[in-house]
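> Sequences listed follow chains A and V, in order.
Numbering (the numbering used here) for the first sequence: 298 to 645.
Numbering (the numbering used here) for the second sequence: 5 to 252.
In case anyone wonders, no lab produced these hints; they're calculated from the structure.
This structure is a prediction, so every number in the text was calculated from the model and none was measured.
Backbone N, C-alpha and C fix where the C-beta goes; we use that ideal spot for every residue, glycine too.
Heads up, some of the hints might be wrong.
[Claimed, not checked] Straight-line alpha carbon distances no greater than 27 Å define the calculated DSS-like cross-link-like pairs of lysine-lysine that follow:
#1 A:Lys562 / V:Lys81
#2 V:Lys9 / A:Lys533
#3 V:Lys182 / A:Lys335
#4 V:Lys31 / V:Lys145
#5 A:Lys379 / A:Lys299
[Claimed, not checked] Some residues of chain A that are not near chain V, with every Cβ distance over 10 Å (derived):
#6 Gly306
#7 Asp307
#8 Ile316
#9 Gly458
#10 Ala592
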Amino acid sequence: MKSYLVSKGDFLELIDGMIENGKEVVAPVKQENQANFKRIKSTKDILWSGPQTVISPKGFVFPQEEELIEYEVEDGIWVGSKVEAKSTVLLGIHPCDINGIALLDKVFAEKNLDENYLKKRESATIIGVECLTPCSPESFCYRKGSVLPWDGFDLFLTDVGDDFFVEVGSEAGKTLISGISRKTIQSDAKKLKKIREKRDNLFAKKQRKLKPKLEELPKLLKENYDSPIWDERGAKCFGCGSCNMVCPTCYCFDVRDCVEINLKKGSRSRFWDGCMLTDFTRIASGEIFREERGARLRHRTNRKDFYLFEKWGRTFCTGCGRCGKACLTKIVDPLDIENELYGRKGRR
Amino acid sequence: MEKPKVAFFEFTCCEGCQLTVLSLGDKLLDLFESVDVVNFREASSYRGQDYEIAFIEGSISTSKDIDRIREIRKKAKICVALGSCAHIAGVNAIKNFHNQLEVKKRVYGEKAWAFDSILAQPIDAVIKVDYVIPGCPIDKKEFLCVAASISNGVRPFIPEYSVCVECKMKGNVCVYHKPNPIVCMGPITRAGCGAACPSVGNACEGCRGLVSDPNLEAYEGVLEEHGISADDKMRFYRMYNGLVGGVK
Ligand code: SF4
Ligand code: SF4
């Protein structure tokens, strides 16, 4: 991977110039006692490190609500698909969320190419930033091997003092900084290595531990399909879906039609959905397939660290910790669940 | 296709839901074009008696209401409860939890005995209701979608999921995570309002009624954790949901 040095001042100037020229730049900004991704007017608004944003930035490539089709019924029937995207820079994206998007990239390009996603994704420039301190007490990215991006970024910045150490993930990224980038020399790489060692030590000390080995999670969950902990935790579940909504890797959606009141026009849209919701498990005939909340919780956890882990060879929980924070009854945190499953296995 | 004939009726309520319909702007004209509105007190003095779809606002709170709403049910093919007063008796039911003689006196004074007043009930306590448009007041967009679906002969979509879904979609900081949390009924309240109240810094008061399977035990655990007394808890439930099953 190519890397460069860019002075912070030059970089911010570059971005501010883009904003002035009308480019949509989205970055984390403070919101009450937390944060959120918003379109920014100046790089001064950016919150470079914690507190974490309430939801992940996935909505900018996979919106909460997205129109897919429009139709009109007058003398005949006209149907038009809607595949739209705005060129957007997603700036200040943390590794957990870059990895979330990298996983969505796999999912939405599997077999059926999801045009709506891909178009938005292609129009997004992702500029990540390394976390040098944990963003929240809930996060456990270090335990999920997610303190650095796996894939899916154009540029990745690390604060090394007056400069950003910039790793380039795409041609577009390289071009973007071509006017301000300097070559790195060996001492820069050494400096970066030191910073990362320090970061590793800090995260290892501060973040909650994952007792089972990461690569053993699929097996652990497989063996514990019938564990009582699903129902124990499920009993405290609202089925509120907060854990699904905030997650960078939850990608389920529902598709619904809305007819306009003139009965001549209508649209078909997709909306974020979630496996913890009753609506999600109810099918057209009215039957509910996964009635028990414990079973839904098991499904959610298995989707992160068993089914999709096995299928794609990579955990589908990047350890952002958002679900653990969002869940008011504190039952959903995957690390907590996995540690409890591991601990209950008498033989260990 | 002949236009369906639609009528609006009101029982005990503020008629705010009908006013919401009336304030639809351009869409109101579209509504009038696609359906034949034969009865809509807020909009016209014409009173048609021939209708297929009845939108009914308000709670049942007098014995005369019972006869009147049964008549409506006989005539209408489809009855839709409009807003929380019709749906769950809403704020009208607050009186149910007080001494009825005192309540009557407080409202009607010395002549209280002359007034016909019974416990407030949602309309489905008396008639079969086909669809519900929840909320206090109703949401314009949802009304239009439901009205269009019904006119088109399609089952309308009303979320089963809770307000938390829409609140998270908006990226709101959870009311319970703020430095001074207030009681929010979001986790057990049916969505559809776009998390209107939490999005402007308030808490959800549950005007859309509870989700179909609320976890009240878990909810009470959360309230307890946040130092809410049993009395305060009841006040929250009774604001809109005093009559909803499971709430005790
Ligand atoms: S499962 Fe929870 S911790 Fe893991 S990526 Fe999703 S929200 Fe973050
Ligand atoms: S696990 Fe927690 S956040 Fe997820 S649906 Fe249940 S109560 Fe809501």
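> Confirm or reject each hint.
Hints versus structure:
1. For the hint linking Lys562 (chain A) to Lys81 (chain V), the alpha-carbon distance of about 25 Å falls within 27 Å, and the restraint holds.
2. Among the hinted pairs, Lys9 (chain V) with Lys533 (chain A) is inconsistent with the structure: their alpha-carbon atoms are about 47 Å apart, more than 27 Å.
3. For the given pair, Lys182 (chain V) sits about 20 Å from Lys335 (chain A) by alpha-carbon distance, which is consistent with the 27 Å threshold.
4. Pair hint Lys31 (chain V) plus Lys145 (chain V) holds up; C-alpha atoms about 10 Å apart against a cutoff of 27 Å.
5. With a C-alpha separation of about 37 Å, the suggested pairing of Lys379 (chain A) with Lys299 (chain A) is violated against the 27 Å cut-off.
6. At roughly 30 Å, the least C-beta separation between Gly306 (chain A) and chain V is larger than 10 Å, which holds for a residue marked as non-interface.
7. For Asp307 (chain A), the condition that its CB be more than 10 Å from all CB atoms of chain V holds, with the nearest at approximately 31 Å.
8. Residue-level check passed: Ile316 (chain A) sits 21 Å from the nearest beta carbon of chain V, beyond 10 Å.
9. Gly458 (chain A), annotated as away from the interface, keeps every beta carbon of chain V farther than 10 Å; the closest lies near 32 Å.
10. For Ala592 (chain A), the non-interface assignment is confirmed: its Cβ lies about 14 Å from the closest Cβ of chain V, beyond the 10 Å cut-off.
Taken one by one, the earlier hints fail for this structure at numbers 2, 5, listed in ascending order.
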